[in-house]
Structure formats: C-alpha cells, structure tokens
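Going down the list, the protein sequences come from chains A and B.
Using this note's numbering, the first residue of the first sequence is number 69, and each one after it goes up by one.
Using this note's numbering, the first residue of the second sequence is number 94, and each one after it goes up by one.
Be a bit skeptical, because a hint or two may be false.
On the chain B side, residues computed to face chain A include the following (Cβ under 7 Å) [said to hold, decoys possible]:
1) 134
2) 135
3) 136
4) 138
5) 181
6) 192
7) 193
8) 196
9) 197
10) 198
11) 199
Distance condition first, Cα-Cα at most 25 Å in a straight line; then the derived DSS-like pairs of lysine-lysine [said to hold, decoys possible]:
12) 201/B - 163/B
13) 125/A - 198/B
14) 150/B - 171/A
Simulated from the structure, these hints should not be mistaken for laboratory data.
Even for Gly, the Cβ is constructed at its ideal location relative to N, Cα and C.
Listed below, chain by chain, are the residues.
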Amino acid sequence: DTGVSQDPRHKITKRGQNVTFRCDPISEHNRLYWYRQTLGQGPEFLTYFQNEAQLEKSRLLSDRFSAERPKGSFSTLEIQRTEQGDSAMYLCASRATGGLNEKLFFGSGTQLSVL
Amino acid sequence: TQLLEQSPQFLSIQEGENLTVYCNSSSVFSSLQWYRQEPGEGPVLLVTVVTGGEVKKLKRLTFQFGDARKDSSLHITAAQPGDTGLYLCAGFDSGAGSYQLTFGKGTKLSVIP
Numbered sequence: 069d070t071g072v073s074q075d076p077r078h079k080i081t082k083r084g085q086n087v088t089f090r091c092d093p094i095s096e097h098n099r100l101y102w103y104r105q106t107l108g109q110g111p112e113f114l115t116y117f118q119n120e121a122q123l124e125k126s127r128l129l130s131d132r133f134s135a136e137r138p139k140g141s142f143s144t145l146e147i148q149r150t151e152q153g154d155s156a157m158y159l160c161a162s163r164a165t166g167g168l169n170e171k172l173f174f175g176s177g178t179q180l181s182v183l
Numbered sequence: 094t095q096l097l098e099q100s101p102q103f104l105s106i107q108e109g110e111n112l113t114v115y116c117n118s119s120s121v122f123s124s125l126q127w128y129r130q131e132p133g134e135g136p137v138l139l140v141t142v143v144t145g146g147e148v149k150k151l152k153r154l155t156f157q158f159g160d161a162r163k164d165s166s167l168h169i170t171a172a173q174p175g176d177t178g179l180y181l182c183a184g185f186d187s188g189a190g191s192y193q194l195t196f197g198k199g200t201k202l203s204v205i206p
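Whole structure, please, built from the sequences with the hints as guidance.
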C-alpha cells in the first residue's frame, strides 16, 4: 500500500490561468473521489469515479471544473480561468470495491493559491 | 445533501483532561465515520460506526453512534498533545442513491502540554 499520491503539493497561479492536478490512487482501488477544503471547513464533495466512469458530480461544481479518469487509474482535475475563490486544498481519495462503510484513503492534497 | 453539524467548532484543553465532541444531523445515516486531519495532510480514518447504539473504543478514544443513527460522539480520555488536530465526522447515505461521503465542518482540538 503506497498510498494515494497527489501532484503537485502546492500550486500558485494568477487569476484567469488554467491549472491541472493529478491523483494516483491506491492501485487496486477502482473508486476515486475529489474533494475541496477551505480553511476552517470540512472537505466538500466535488466528484466521484467508479473505474473510468464519472458517476456523480456536485451540483455546486462550476462548469470551469472538469475531471477525468481515462483509464480507470489516475485522475486529473482541471480548473479553467481560475478565480480567487478557487483557492483551497484539493483532496483526492480512493477506496476498493465494497460497501459504503469501507474506508476512504486520502492523499495529502494539492494546495492551490490564486493571486 | 444531508448536513452534519459538529460541535464545538474549537476546543482548547490542558493535557490530561477529558473531552467530548459531537456530530449531529436531522437525517439518518447508514454509517458514520470519524477522521482526524493534521495541517497540510488529508484526513485519516479513525473508526466507522454502523449499528444504532454502537460503541467502539480505540485506545483512549470512545465513539458512539446514536440509537436513531442521526448523531455520534467522540470522547477522548486523558488527552495528550498528540491528539491535537481537526476531527471530522462523515456519513454515507445509501438510501439517497448518492456515492458521496458528506463531511461536517470539524472540531479543531488543541491539547496544551
């Protein structure tokens, strides 16, 4: 178990630029989540993949956000035309096939700062 | 989306004291999970409670799931500085056809040596 890996750990960008984050889940996990967390808040759900299929997306998610998991392994989250309000920690998590009680393994996150 | 309310939001105590944090909802959850998060890291699962009334112990931590599966509590005995962190409760609602794990805002605990 090498854990969930996220890259980069930190990203500073100017408003209006596009950014892309990568998540490598635990190898045998076919379910992958993206969350966003701001200071003083709990993680907020963004989207969920089962294998390569994006099965759920938050209704609060702007059209500027898009996520992919092309081969059912790693995933990318892209934010287009970034805004200062996008500044947050972006967390990826994975879990193995199983019941809803199964544990989520989180990565260390990508901290995004939009100037 | 179901909401989970955690209280207190902040808690600062001396080493050796006991404390309880709460997680409440108006909705029923099929299970609740408790996570601990340290600054700059992702949350790490502590425990999952499934059955109403269930009590689980993890060393000095005791977790309880309410009989109606709408609330949960975390009690820490003889807190230590290593317990410092953000404690998050989270729940799955299998009945809503959603896959998302909903988190509360967390309780930020500081244990002062």
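Now the hints, each set against the structure:
1. Interface hint at residue 134/B: satisfied, since its Cβ lies 5 Å from the closest Cβ of chain A, which is below the 7 Å cut-off.
2. At about 3 Å, the closest approach between the beta carbon of residue 135/B and any beta carbon in chain A falls short of 7 Å, and the interface hint on this residue holds.
3. Satisfaction of the interface hint for residue 136/B is found here, the shortest Cβ-Cβ separation to chain A being roughly 5 Å, below the 7 Å cut-off.
4. Taking 7 Å as the C-beta contact cut-off toward chain A, the hint placing residue 138/B at the interface holds, the least distance being around 5 Å.
5. Because the closest C-beta pair between residue 181/B and chain A is about 5 Å apart, less than 7 Å, the hint holds.
6. Among the interface hints, the one on residue 192/B holds; its C-beta lies about 5 Å from the nearest C-beta in chain A, closer than the 7 Å criterion.
7. Interface hint at residue 193/B: satisfied, since its Cβ lies 4 Å from the closest Cβ of chain A, which is below the 7 Å cut-off.
8. Annotation: interface hint on residue 196/B holds; nearest CB of chain A at approximately 4 Å, less than 7 Å.
9. Evaluation of the residue 197/B hint against chain A yields a held restraint, the C-beta minimum of about 5 Å falling below 7 Å.
10. Given hint, residue 198/B at the interface with chain A, holds; its Cβ is 5 Å from that chain's nearest Cβ, closer than 7 Å.
11. For residue 199/B, the interface hint holds, since its Cβ comes within 7 Å of a Cβ in chain A; the closest pair sits about 5 Å apart.
12. With a C-alpha separation of about 22 Å, the suggested pair residue 201/B and residue 163/B falls inside the 25 Å cut-off, and the hint holds.
13. The straight-line distance between the Cα atoms of residue 125/A and residue 198/B is roughly 20 Å, inside the 25 Å bound, and the hint therefore holds.
14. Note on residue 150/B and residue 171/A: the hinted pairing holds, with a Cα-Cα distance of about 17 Å set against a maximum of 25 Å.
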